[in-house]
Amino acid sequence: SLPSQKVITIAVASNFKPTLNRLSEQYQQQNKNQKVVLSSAATGVLFTQIRQGAPYDAFFSADSLRPKLLEHAGLSLPNSRITYAHGQLVLWAREYGGSIHSKTVKLLLQKTTQLSIANPKTAPYGLAAQQVLQKLSLWPYPRLVMGHNIAQTLQFIQTGNAAAGFVAKAQLPFIKQGQTWEIPQAWYQPIEQQAIILKRSQETEATQQFFNFIRSKKAQTIIKQAGYDLPK
Amino acid sequence: MFSATDIAAITITLKLACITTLLLMLLAPPIAWWLSHTQSKVRSFVEALVAMPLILPPTVLGFYLLLLFSPNSPVGSAWLQLTGSTLAFNFSGLVIGSIFYSLPFAVQPLQSGFHQVDHGLIQAATTLGASPWNVFTRVIFPLTKRSFIIAATLCFAHTIGEFGVVLMLGGNIPGKTQVISIALFDHVESLNYIQAHSLAAVLVLFSLTVLWLVYGLQGKKRQKKFSSVS
Amino acid sequence: MFSATDIAAITITLKLACITTLLLMLLAPPIAWWLSHTQSKVRSFVEALVAMPLILPPTVLGFYLLLLFSPNSPVGSAWLQLTGSTLAFNFSGLVIGSIFYSLPFAVQPLQSGFHQVDHGLIQAATTLGASPWNVFTRVIFPLTKRSFIIAATLCFAHTIGEFGVVLMLGGNIPGKTQVISIALFDHVESLNYIQAHSLAAVLVLFSLTVLWLVYGLQGKKRQKKFSSVS
Amino acid sequence: MLQLDIKLEHQQNFTLDLSYSFQSGGITGIFGPSGSGKSTLLNCIAGLEPALNGSVICNNCYWHDQQLVLTKNHLRGLGYVFQQPRLFPHLDCLANLTFSQHWRSNVSTGSPDIDEVIHELGLSPLLSLSPHQLSGGQRQKVALGRALLSTESVLLMDEPLSAVDQQSKQQITAWLYQLSQRWPIPWLYVSHEINELYRIARELIVMSSGQIQLAGDLLSLSQQAHQFLSSPADAGALLVGTVVNHDDHYGLTQLDIGSQSLLVERLPFNCGCPVRLQVPARDVSLSLTRPEGSSILNILHGTITELAPLTGHSVLVQVACGEQHILSRITQKSKDQLQLTCGMPVYLQVKSIALLNQTV
Amino acid sequence: MLQLDIKLEHQQNFTLDLSYSFQSGGITGIFGPSGSGKSTLLNCIAGLEPALNGSVICNNCYWHDQQLVLTKNHLRGLGYVFQQPRLFPHLDCLANLTFSQHWRSNVSTGSPDIDEVIHELGLSPLLSLSPHQLSGGQRQKVALGRALLSTESVLLMDEPLSAVDQQSKQQITAWLYQLSQRWPIPWLYVSHEINELYRIARELIVMSSGQIQLAGDLLSLSQQAHQFLSSPADAGALLVGTVVNHDDHYGLTQLDIGSQSLLVERLPFNCGCPVRLQVPARDVSLSLTRPEGSSILNILHGTITELAPLTGHSVLVQVACGEQHILSRITQKSKDQLQLTCGMPVYLQVKSIALLNQTV
Ligand SMILES: Nc1ncnc2c1ncn2[C@@H]1O[C@H](COP(=O)(O)OP(=O)(O)OP(=O)(O)O)[C@@H](O)[C@H]1O
Ligand SMILES: Nc1ncnc2c1ncn2[C@@H]1O[C@H](COP(=O)(O)OP(=O)(O)OP(=O)(O)O)[C@@H](O)[C@H]1O
Ligand code: MOO
Ligand SMILES: [Mg+2]
Ligand SMILES: [Mg+2]
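Protein chains in written order, with our numbering: chain H, 57 to 288; chain G, 14 to 243; chain Y, 14 to 243; chain X, 2 to 361; chain L, 2 to 361.
In case anyone wonders, no lab produced these hints; they're calculated from the structure. Each hint should be verified, as a subset may be incorrect.
[Claimed, not checked] Once the Cα atoms are required to be at most 27 Å apart in a straight line, the calculated DSS-like pairs of lysine-lysine come out as:
no.: 1; chain 1: H; residue 1: Lys-255; chain 2: Y; residue 2: Lys-54
no.: 2; chain 1: G; residue 1: Lys-158; chain 2: Y; residue 2: Lys-54
no.: 3; chain 1: H; residue 1: Lys-232; chain 2: H; residue 2: Lys-91
no.: 4; chain 1: X; residue 1: Lys-73; chain 2: G; residue 2: Lys-54
no.: 5; chain 1: G; residue 1: Lys-54; chain 2: H; residue 2: Lys-177
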């Protein structure tokens, strides 16, 4: 990095990392004097690290709970919390040939051998999947396998070990086989993905500038293309 | 103090650790023996191969095993045909993964133990009519019991602490493939620190006690007994 | 083929593995020596303690080390006072974490190597005037070189494959604390399989070559040289 | 019977190259300086030398041919007392002794049972001790017993009594001698003490630089080959005699050595029993007239058959007494004073006679 | 000087309990049956017995007192030839020999340098070999050399030549004897061959069940204590004589043993030089008249001072020849025939005399 460059380090939940990566590339092209470094892990891990003093400038969480908790703990810059995207849940049936809609989905799920979801305890997409299954009165689901996060959930299906599962719409580009169906928004509570700027950041100004970029039209288009809904 | 799933996780972990250790204690001695005695050119290559699981991060090892276990792969589909169930997300898959993962911990101490057995004693035993099997059971095993204990405890401990491979292969199914390490990490991730701490404390105390007992008992019989004789 | 961050990860990993191995090879021999010779009652307890890092899942070990290293804890704040930087999320923190994590792999092979040195040779050396240090450098070390090599390669390999502890303590900061295992996992997680496969292949090939060379060179000098003499 | 025809090279500096047939029954002593290849020879028979080339045939069964091992060494039914005791450190003495009992029945005729071994080697107080608690000599005895109890086909002993004290050595060699008489297998016994071999061996091999220098029947060898067997001071003749009668008052036994007779300490053998004797050359003096009023009981007469000068101005005189020969070592000066020549009749004063053993 | 007053228990079955002062200069032989505690004694001096109780004082410096180690064993400046060679397997012979040179300067007066050691022990062809390539006897010689080169204060040798052949043994003991004369430190030499000790020792300790049975000057002990030292067959007197002159034609040397003289093989010593001789009792015969026309050169006369019956109907007769005593072993029958009694003058025919060494 050039001496005059400002470096901001962003902790980002794994699911949003590819998208944020694209965004930061755009951003850096526009702002040559800034460099954005991404550090990704599961939301829970990042949260723990931030609580223990991790040197990040901002935190892109996969939920709204952790940013709020950090805000309560006084670790975030006041009024910096934004909702940058809404996660969208998709059902992927790998071996399924027919079309899926709200009438057939329950039958399909009942017949599925192994259903892969993210761990509801640790991943917001998992919680959403659980709400969907509850709505269909399929909870507790007997043949459930749980990925640690949404990426692992996809891998279980991708590698053929699970037949179907609830994944993120942002992952659609990786799905080459079978059928997908976007779950109606009403079936689960919105997956509100929020971000905050951390108080201990040395580069609040630059970070704030990046946050402004995230809310720009250009950025919103990229986020939308990646498969997220935009905050109202 | 513990939820039912925690207790199930403890049971599964112990079962997994015991079975893995047992199987490794059958599998590793022949490999270690061969490695410690062969003059073959491929020895050092096999040695390196055995050490490989150490180098691949467990999660990555788990990922590749997941590919291997998939019904789309020859191995996974053969297993499916034979047993009617997949390897992934099943206990047997965890066992296989753990065996891969802990193999170096079984082979290395045994190999160095075997290597240090005085060759003169082996010669004495064979001239006394001991077949290779008898040499093993009556001379080498008793003289390297210490290495066996070390190998077994390392395997056991390492399987208990295993996380990445199980995370990838197990699918975190409570009561079936959810082991302590994953339950514990789940607690940490979901901010249930109290439960995490208490599970960790029990794990540490239990393991410490077991190891202490093993090492303590073994030490009793040790002293300088085997030294300076030949 | 590799991105700049991948290359940085490789560099950091090698640096971490080398430094950790070096420090462990200084730290572990005295512990192993003490364990293999003491008649003290606390021996088996210390032995169990040394084996502990095996049992705690690495992510959990990393979690507790993170708590320990945090500026809120006495240790973390003392370090901050002394050096001006935190232990967590810095290279020095990774080194300390890796040392904890790989300690059993250094101590155990050394301990069993030391234990098997013929006590008669040590007696001979002391009557010949060798001080404890000389006994170590001129008799024990040459006779247990094999155990040292095993200990060092295990530590090295294990540090290269380390994932959970580094993830927790290091925070996956590219160019600073992101090691290969994490970069690799990142690729897998972001579904960049091509990059993941190529990084894994390089890692495996490199490690295999290094191990093969180490074991191969060592085997050359081995044979049955040390046997049946006393 | 054990037939050898072997060749072995140890890195330039040493080559073993020999052929020999070891007969069953009776001990073959193997004698030779340090480094002459004695242990290597036994290792070849035991199958412990991977580079061996040649044939080893035991009782018409090929154990080794050219570079091929045909009988694995644990199937050879050996007993091998190594030069180092090599006791199993994890087993106590008794378990060391009975180590082979798990797979070898040891029913070969004449072999000793465990009680006999423990008794003759005096091991009973040691049975529950572990090897590191034994003294050097005690370890060696246990190693000897362990090998004896495992032997089925051939017994190899490499300086089995080198660390044992003289008195035990006497007792043990006497027992081993008896054992070798009743247990008809090849016995190979390495020693660098010629007297030990005189006491127990039937045949003798003298080795030097990996080759057999001399080999044959002990009795005939002992009269020919002093230069190989012993320092001049230790030369001596071996004689065979027969018990004639006993004088219980003086505790003497009269032996017939052909035409003449000798008095020796009371022997525990019946009349007619053959015995082997050693007469050290330095203990025989020559006299032209029959000596009178002397404490020497044994005075023989014979004819000088050879006068061989030895190093150091002494002369070894061979005197024929009937069929057998007696050696006398005298000084050059005495030879000149008495003007001894071949064919001359002389009296021999025999000061000491050692009973070696009852003969075969 | 090395003063011991020690006690050690080995688990009920064995207790070592003794006090002794070992003088500097000259070898103290330690003799005793297997298991009598010889090796244990040396281990106590070397600091290798953790349970030792008592004091070990060397040159007024406490090495051990009660249960306390006061001088660590690597600081004791020992040379210790263990009963097993214990060579370092990772070092070749030369490196084994020079192992101690890194920290010990070995400048004590009279100590041999490495060239002397290699030459006298015949190690030069072995220097680059590794221990597993050596024969048993070769290993033992290297172990002996290694200890000699490390010694500063006390030399402990535990059966250092048990695996060495007779000829080397003769040469090496002769050298060790000379060395002990010029190198004034305490030498302790364990052996179960009394003749080896006769050749080199100045003092003798006879051990039995962990205790000193007998101790003292070798010359006087050897005349008193046959029952401990040797089987009756090996009894013998030690004599001290002085070289009077040489007969180079016959290769003989005349020795003065007080009032009378003896002829022995030519000795390489100057006139006036004192020598130590052994006269085996079985090689001395008694005669009432002076024997004539015999090959025996040495005929002494003396007076019977003691007639001691031995087991087995023989009698050990002690005859005073001036100041010194000679022993003769004869049969009961001869004693009766010649009607021998104390005080009677007799002629002694001495058939063999062994030169033990030049004396101190
Ligand atoms: N593995 C080996 N490599 C090279 N040389 C060897 C090896 N083993 C033995 N030798 C050499 O072979 C020769 C014969 O050794 P061996 O042990 O047979 O002698 P030995 O007659 O038993 O002597 P000793 O009476 O001292 O035991 C020695 O000179 C020794 O150096
Ligand atoms: N560590 C031990 N524990 C118990 N007993 C022992 C131990 N070491 C030696 N002994 C006993 O002490 C006695 C003396 O042993 P030591 O080795 O001193 O005998 P030694 O006189 O050297 O005999 P050798 O001539 O056979 O070498 C033996 O009876 C032996 O059984
Ligand atoms: O935090 Mo994540 O985005 O669970 O995968
Ligand atoms: Mg030998
Ligand atoms: Mg001893």
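ask   = Where does the structure disagree with the numbered hints, that is, which hint numbers, in rising order?
value = 1, 3 and 5
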